[in-house]
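**Q** Throw the hints in and build the complete structure from the sequences for me.
There are 4 protein chains.
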Amino acid sequence: MSSLREVGVAMLGYAFMGKAHSHAWRDIPLFFWPPPAIPRLVTIYGRSGERVREAALRYGYRRYTTDWRQAVKDPEVEIVDNGLPNNMHRDPCIEAMEEGKHIVCEKPLARNASEAMDMRDVARRTGVKAMCAFNYRFVPAVMLARRLIEDGVLGRIYHFRAHYLQDWIVDPSFPLVWRLRVEDAGSGALGDLGSHIIDLARFLVGEVKAVNGVTRTFIEERPLESDPSKRGRVTVDDAFAATLEFENGAIGTLEASRFATGHKNYNCFEINGEKGSIEFNLERLNELRMYIVGEKATEGWREILVTESDVHPFIRAYWPSGHIIGWEHTFVNELYHFLRCLVEDKPIEPYGATFEDGYRCAEVCDAIIESARMGRRMEIVYR
Amino acid sequence: MSSLREVGVAMLGYAFMGKAHSHAWRDIPLFFWPPPAIPRLVTIYGRSGERVREAALRYGYRRYTTDWRQAVKDPEVEIVDNGLPNNMHRDPCIEAMEEGKHIVCEKPLARNASEAMDMRDVARRTGVKAMCAFNYRFVPAVMLARRLIEDGVLGRIYHFRAHYLQDWIVDPSFPLVWRLRVEDAGSGALGDLGSHIIDLARFLVGEVKAVNGVTRTFIEERPLESDPSKRGRVTVDDAFAATLEFENGAIGTLEASRFATGHKNYNCFEINGEKGSIEFNLERLNELRMYIVGEKATEGWREILVTESDVHPFIRAYWPSGHIIGWEHTFVNELYHFLRCLVEDKPIEPYGATFEDGYRCAEVCDAIIESARMGRRMEIVYR
Amino acid sequence: MSSLREVGVAMLGYAFMGKAHSHAWRDIPLFFWPPPAIPRLVTIYGRSGERVREAALRYGYRRYTTDWRQAVKDPEVEIVDNGLPNNMHRDPCIEAMEEGKHIVCEKPLARNASEAMDMRDVARRTGVKAMCAFNYRFVPAVMLARRLIEDGVLGRIYHFRAHYLQDWIVDPSFPLVWRLRVEDAGSGALGDLGSHIIDLARFLVGEVKAVNGVTRTFIEERPLESDPSKRGRVTVDDAFAATLEFENGAIGTLEASRFATGHKNYNCFEINGEKGSIEFNLERLNELRMYIVGEKATEGWREILVTESDVHPFIRAYWPSGHIIGWEHTFVNELYHFLRCLVEDKPIEPYGATFEDGYRCAEVCDAIIESARMGRRMEIVYR
Amino acid sequence: MSSLREVGVAMLGYAFMGKAHSHAWRDIPLFFWPPPAIPRLVTIYGRSGERVREAALRYGYRRYTTDWRQAVKDPEVEIVDNGLPNNMHRDPCIEAMEEGKHIVCEKPLARNASEAMDMRDVARRTGVKAMCAFNYRFVPAVMLARRLIEDGVLGRIYHFRAHYLQDWIVDPSFPLVWRLRVEDAGSGALGDLGSHIIDLARFLVGEVKAVNGVTRTFIEERPLESDPSKRGRVTVDDAFAATLEFENGAIGTLEASRFATGHKNYNCFEINGEKGSIEFNLERLNELRMYIVGEKATEGWREILVTESDVHPFIRAYWPSGHIIGWEHTFVNELYHFLRCLVEDKPIEPYGATFEDGYRCAEVCDAIIESARMGRRMEIVYR
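Chains as they are written, first to last, in our numbering: chain A, 1 to 383; chain B, 1 to 383; chain C, 1 to 383; chain D, 1 to 383.
Partial chain C-side listing against chain D, Cβ under 7 angstroms, derived: (1) 170; (2) 218; (3) 243; (4) 259; (5) 277; (6) 376; (7) 377.
Below, computed lysine to any residue pairings styled on SDA-like, alpha-carbon distance capped at 25 angstroms: (8) D:296 x C:16; (9) A:275 x B:228; (10) C:275 x C:155.
If you are wondering where the hints come from, they were derived from the structure by calculation, not from laboratory data. Even glycine gets a Cβ: it sits at the ideal position worked out from N, Cα and C.
**A** Structure follows, in structure tokens:
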């Protein structure tokens, strides 16, 4: 046991994602015992020296830096984990890969398909392990959904409908944060929330053939963060809606919004197939609802509590049945998967999302924006 | 009391809608006491002489006929209630109105906007009371939703999302019934189910400005009813999905399907506004879910059991609180509303749907079909 | 068809139960076609001449009377349906049976086991059809529950837990109505609500062996109906709770209250067996929740929408699947069952409740009161 | 920051509770930053040398031992955390307290009230911080419930009803583990599960005055763990049910079972008060359902998602709203509370459970057993 391999990790970013990923790296050995390797928290990067120093202490990194290139080149580091804002995805990831580091990058992979394609190309060329951190694939209930579909339990798929709803900017006095500026974020609800459900659509149903979308910016100006007495322009979508055509003939609807009052982190989807249907909602992430055609008198939507350690994916690591896990465990599962693939030299896909997946998701996002602008159906072309 | 006015009713059709409407006419006086008038069940029309004779006995009509013109012209009749298939909506309704009869017509008002416009024009010219029987407006929970929105409880509306899901033709061996042939039905899931949610969109949120849709026919051939060894072509949509833009700036998604395994009569909608949201589902029609921004620590989606006789619309007629009503009571409420408007000479709108509403709904349906065919956004033009 | 037998009905009482039963008698032929017989609404009894005259007109009775003996002896009457307050159950029922009339009596059968035993004895001696109107047996979901248990789907039963919760007298200014006086009602929440769940316990699980209860009267004095400036003593229980031991070894809990804020007509039960469990709630009476031990990865509580006309009990009479029925239909089903048993001369039991069932339920109620008074477990002795 | 105090912890037990507590001690600083102190994982005790060595490595303890006395006396240790089986609660806790160590002990505090009283007495005499680890008090939704009741939001309380249901021993071939033997566990479902809901009853509603219970052992013999071909006697209850009388006049029902098929960790309670009601279920631990009397047209049971970091208790430490936490976080919250009380020298109560609370809970458990044995109501006497 004492001979467990250690793998050095550099974390880029100390805020929301920095906390979630750091926590996950730390928890892997406790839950997945014996772990494929022990993550060694080597260094953390952040813009503010004071805050990154505190983050290093809090999360347990040995070093910290305000120069991301330093973190990326650190010789003790094998994995670079990028949790920075979207405009800081491409360059650090590419430089890390060029240094031969394995890479985890938060979603959306980049601000648009062009940037994402650059990253995908470097990943392909360097051959490092590169994962786009679509963590909701690693919700046990979602992984069970995937398995059920793969096993043909639902039969031919007819419908996919997903919406990812939040309400944190309904108040017009909420400030113009980076997520509301196109140069930083690339897009709004679409890239932030929509990318998750586009990835789930591809993960669960298959490749997207065409889209038709509409976007809205309901509140067009907001107070500046630096000086609330001044206002600046919101340059991303507050919400979008789209119809979806899959290559396999299924159709779907997609919707994401930051103006859906009453929904906090409501990422839900439903899939209808010829033999059955499934439904999921992230606010009750331990549950999968399923309907299977069978004995007619007792057919019904069943709530599967996805906490059975001997049969449900990724749950064995945790607690006895009925003892639910939380949102943060999606990261523990995801980074565990990455670590295992790295140590055992196995592909990230099909269960983890690659940079190819991240790129394809970006193409769908771009097509939705273009379709909304032009008022017409866009076929997706992957390059 | 004994001086209660009687109003003669002719029913066209004895099947599903014939049963639902007949039952409702009979129940009005028992529940809404004293009633505006006593419906007198004069005559019922149907194609099969034997079956219409039995229907007359069962439902309590004094006469029956296999000639709809006879029913429509019957001098004892003041109200003609048309529950026939969609291809039998225009002519009997127009002839009834020309005879000076008041008219109730099942939805969709016609097979397409052109037919519906004809009917609307005659209604306008003759000045009879003419209602398109969008009965789901008369679910107490839906009427409460309307009242809350009118009262500004939700504030500015941002989102509408509705789907009406059924699964009764998932089995490919299900026969080619009239609802699956364009010449009889006009359209498939769109006209049958979609028309309901389009009407609710207009009733609750406002006029539709543009649509963008996709349709699918998943099973293209089915056994003939007359000879199951032969197959015929399904000429309507099995399902559709569309995005919606409202004149007031809100956006939405619409979807209807007869291939949504596990859903029997799942007509649901959700509306998000700046101050709150509401949600409804016809399979739990006594409930309205509502979220209102307020005291943050105790905000939450609340399940309003819409059975409080002293405060909820149309429920006083029935039972003490918590004693739920069923699907059939939407018809009792709707026809009671019609009868009251007739006797008191008040307009059907805004709570009941007029032929103008029926026509506008048909324009939206047609635009969805056209948009799906052309792959582009269609603006709605009302004539 | 024109040769359908007619059966004359006399209704005792025009209020809540008078309305519910009258409506049901009228609806039987429309829904259950062809009906076993056509109920002929002959006469209705009530204390107030003016109100009973109006009720006769509203519900469709040919005659009315303020002398119950006249109704009970009416030669055109074959069925006497007693919907009067509990203190008016024994004498009219006994006199009707002595006249050879068949009898339906609202629950609880009487104010106590002694009265109920008298009624049971006369029913036994005269051999008329005698049903205690425990209408919740006739909820399709409850009837399905019974069938599942009979078929062994749940295996050996371990647990029964039921509560029937309302909140209509939480306000201390609510007046001292008849239901709050022991001389009229016999008991409070126990007889009114508890009797329903005791009957369901016996119907679904089996005979009760022993009970242990506690009762409470939270508000001890209330304004008089006749003069709200004066107050009178509440002489029944506002709520009770009890543990239950069944003869088959299962244990259970029972609870009923009129002080359960937020519950309007919340009659729910859950049954746990070795192979599965079921759960029901009257406010969602079209649904039965069921859990069956099976394939572990996809086990879950399923919501069965009990509206499938070809497989679910008593639902064929109504609408296509997913079109829910309401509370009132329990009466249509129940009285249809009674009418069919009468015409076909079959026993009311085991699906309908007999006067023996009504009597046994009263013994359990009396034992709960006695146990609460004495602070000890009471074994039930049926005589 | 580097001057943060460290507090040494000794863990007794490495199994289920050892894992949950160790994880929590590790996570405190990451979530509750800055922490009151940094828990230093000094040593862990377990019976099996090999397994305790691995546990030390996995959880991060510096030392391990197979002699609990060594752990308890370790001079680097300030806190002893006892997660051993119930028969190993009294002696190690007492010895730790005599050594001046602060103490956390898993629930139930002991096998019976007599043992628990011994522990309570030593805690009182030594004055160390002593917490009985009723972790469900530290579910944010439960803490919110407590706050709402304290603030009078529900008004006078009428009803408490709780059941804690599991199904892990329904299979008769499940072996005779320590939890099924009276000498190890003290009692069965009662002490294991019932103690949680008794503690919640006391925490939320108030002191218990009297109980009336029934217990059952459905499967009386089971295979031995050591030799499955032999069978041994189950000497604890598989399930119990009880009625409850509170000192404040409220009544309640309690039930716990390991035979409630379909329930995995279903710890639920409902409380009805004059102004409102609340409901909770551990399988959806991020939600609290609440009904408040208000505007009648829009009253309803609301689902409060208890994840608002600025208003909900103990949730600020985690994630943005809607990002749910899991079962394990109850321990993080609880041990954080303990650590803070220790460092700031504040009392554990009223939010944490003391050894007095643990003792009182044991008295209620003992009274339920006695009441079931004697068939009569038992008043609780606290000594």
